[in-house]
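Next come the chains, spelled out residue by residue.
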Amino acid sequence: MVDFEVWAEKYRPKSLKEVINQGHVVGRLQAFVKDKNVPHCLFAGPAGTGKTTCALAMANDLYGKDWRANVLETNASDERGIDVVRHKIKDFSRMKAIGNVPYKLVILDEADALTRDAQQALRRTMENFTRTARFVLVCNYSSRIIDPIQSRAAIFRFKPLSEGDQKKYIERIVKGEKLKITVDGIKAILTLAEGDLRRVSNLLQASAAMKKNITEDIVYEAASRAKPKDVEEMLKMVLNGNFKDARKKLQDLLLTQGLAAEDIIKEIHRQIYNLEIPEEDKIKLVDKTGEYDFRISEGGSELIQLEALIAQFLLFSKKR
Amino acid sequence: MSWTEKYAPKRVEEVVGQKKAVEQFLTWYKSWQPRKRAALFHGPAGTGKTSLIEVLGKEKNLEVVEMNASDFRTAQQIREVLGQAMKQKSLFMKRKIFMIDEIDGLASEDRGGTGEIIKIIKESHYPIVLTANNPWNTKLRSLRQYCQLIQFGKVYYWEIIKRLQLICEKEGVKCEKEVLSQLAKRSEGDLRSAINDLETLARAKKQIKLEDLKVLGIRRKETSIFDVLKMIFKTKTAIAAKLSIQNVDKDPQEIFWWIEQNIINEYEKPEEIANAFDMLSRADLFIQRTKIRQNWKYEKYMIDLMTAGVALAKKEMYRKFTRYQYPDKIKFLGMTKVERKEDKEKLLELSKNLHCSTKKIREDFLPFLKIVSKNF
Chain A
1 MVDFEVWAEK YRPKSLKEVI NQGHVVGRLQ AFVKDKNVPH CLFAGPAGTG KTTCALAMAN
61 DLYGKDWRAN VLETNASDER GIDVVRHKIK DFSRMKAIGN VPYKLVILDE ADALTRDAQQ
121 ALRRTMENFT RTARFVLVCN YSSRIIDPIQ SRAAIFRFKP LSEGDQKKYI ERIVKGEKLK
181 ITVDGIKAIL TLAEGDLRRV SNLLQASAAM KKNITEDIVY EAASRAKPKD VEEMLKMVLN
241 GNFKDARKKL QDLLLTQGLA AEDIIKEIHR QIYNLEIPEE DKIKLVDKTG EYDFRISEGG
301 SELIQLEALI AQFLLFSKKR
Chain B
1 MSWTEKYAPK RVEEVVGQKK AVEQFLTWYK SWQPRKRAAL FHGPAGTGKT SLIEVLGKEK
61 NLEVVEMNAS DFRTAQQIRE VLGQAMKQKS LFMKRKIFMI DEIDGLASED RGGTGEIIKI
121 IKESHYPIVL TANNPWNTKL RSLRQYCQLI QFGKVYYWEI IKRLQLICEK EGVKCEKEVL
181 SQLAKRSEGD LRSAINDLET LARAKKQIKL EDLKVLGIRR KETSIFDVLK MIFKTKTAIA
241 AKLSIQNVDK DPQEIFWWIE QNIINEYEKP EEIANAFDML SRADLFIQRT KIRQNWKYEK
301 YMIDLMTAGV ALAKKEMYRK FTRYQYPDKI KFLGMTKVER KEDKEKLLEL SKNLHCSTKK
361 IREDFLPFLK IVSKNF
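Sequence order for the protein chains is A and B.
The numbering of the first sequence is this note's numbering, which starts it at 1 and goes up by one.
The numbering of the second sequence is this note's numbering, which starts it at 1 and goes up by one.
For reference, chain A alone in the conformation it holds in the complex:
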């Protein structure tokens, strides 16, 4: 269904030597590959700084062409249960590797989404199968990984990319896609992307789709079009006293678009500060939001709890 290439993927370095930044990390990883001796690793750092890319590139450098047979890539955010660790990962880890590297590689992305129980199970798997499998855990915050795992792994901290490095990456794409971009256009991308290369390439690709000659205005236009507005609109509706449409919108977000309640509530929380209501009301709404957020984690149904939360916004609507 993807009828075009996604640039974030097209321009993802395939080998460690193509990685622009993170010199301190890359050098050590290359040494592991050279000795064919990779320890368990923990990659931590902000989004879009090359953690997954380095893990995949290392796999590629280590195994060469047939890397896929020796690498298990799973995502803890989609498969966060303990069952994934117990079955999928364990089954993969216990089998011997193919080729001249004696172990396989398990890349566990977004590992901070794993529950503590799952992490405990993982720790045992890491210990028991060290001879046949090495683990690369990728996460934003290493503090969310339990200590026993941290102590078993070599920890790599990925830093936000410098402006110079981001520019190099932009130039690589601009050249590859034969684009034209103004200096202000590049500046706008740097400002909006906040050091996240995934955002850089997505912004560029969206801007380029709108106009081949990319200017500052085009970049901002693309960014504002891509900004999710549903939650903001929903809150505006309810603050205008229109709960009926706000409820419809919520159902659409949750049931049709399939957003997670957790993300909707996070966005509501963020939006409260931009609302045109008295400052003290904002605090009251934050308190309410926390209350319903808690009810969801108590097991409440996502739809009804969010609806109830939105209904509370009525108490602060302009009509009153």
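Taking lysine-lysine pairs in the DSSO-like style, the calculated list, with each CA pair at most 27 Å apart, reads: (1) LYS234(B) - LYS250(B); (2) LYS6(B) - LYS177(B); (3) LYS96(A) - LYS352(B); (4) LYS10(A) - LYS352(B); (5) LYS229(A) - LYS346(B); (6) LYS185(B) - LYS162(B); (7) LYS352(B) - LYS227(A); (8) LYS352(B) - LYS159(A); (9) LYS88(A) - LYS359(B); (10) LYS6(B) - LYS174(B); (11) LYS175(A) - LYS374(B); (12) LYS266(A) - LYS344(B); (13) LYS269(B) - LYS318(A); (14) LYS359(B) - LYS249(A); (15) LYS170(B) - LYS214(B); (16) LYS370(B) - LYS248(A); (17) LYS352(B) - LYS266(A); (18) LYS244(A) - LYS250(B).
Under 7 Å between C-beta atoms, here's a sample of chain B residues computed to sit facing chain A: (19) ALA274; (20) ASP284; (21) LEU285.
Bear in mind the hints are in silico, worked out from the structure with no lab data behind them.
From the three backbone atoms N, C-alpha and C, an ideal C-beta is built for every residue, glycine too.
Use these hints to put chain B onto chain A, whose structure you have.
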């Protein structure tokens, strides 16, 4: 032999007033293969659901194995009774068809019940037909996906009259036209009850006049969900609201969504809406507690909060006629399951290609990719 049995259809074509349902059913039956979906008949009582299966059995020489879901108390029993019957070869080497009546009557304390039936559908070597009065019952939510729904409508007034006329002729009963018309009317599309009424009258005498109709008692009709909603939304008395749901044949959890849907149709003041939804939110927590602790004692709190709690959320009764609506949530779950599944599959494919979670795809990629291509 009662008249309803005596005049039950002898051939499939004789099933009264359900042309579309019969067609759908025959198509399903002809294309049925082991482990395919079951058929789920739904519609009011006395519209020919059971008759259709029985007559098909006769016509095609099938052994019809009939059961009533309310006979099963536990998932274990379902497995024992049904599982056994499905494995057994028919005594006379006949083919079989299974019929589980009133599937919405599965003991509600038995949560594993529908799961067990799904399992049986998946394993069965024989076609299975389920019947339900209300297929949208929340209890049947997951089961619905393994079934083809076939709807039986109320039997038309004039079709009932025609059928009654035919019976009168065969039984030598003389009957005023107006009597038949009245019988058909009061049956409200329930052919079986109309035939029963006719039989009751005809047993007394062979000539029926309009005044004889007085003999017939009024069938106790259950309260409709609309009456329940009216009670909850109009009363200011906690106990009245709480008792309102007693005479309606619906699962409290389904009634919950009926109330949820209609708060905004009844209440107008912001405080009332906010308050009513907060009550539902609290009721909802008790639903979860019931489930998690497997303890039904918490259900009463859920019921009180969603009925009395919502009733007392208003300042005073609205003196207006409110048109109450069918819950979006229930409609929604029935309709777009397939669509939503496709959506999920798309996301998973992208997630594989772009090496990140579906959540990241949705948040970081889709907003931009939508600008690049209309296919997203």
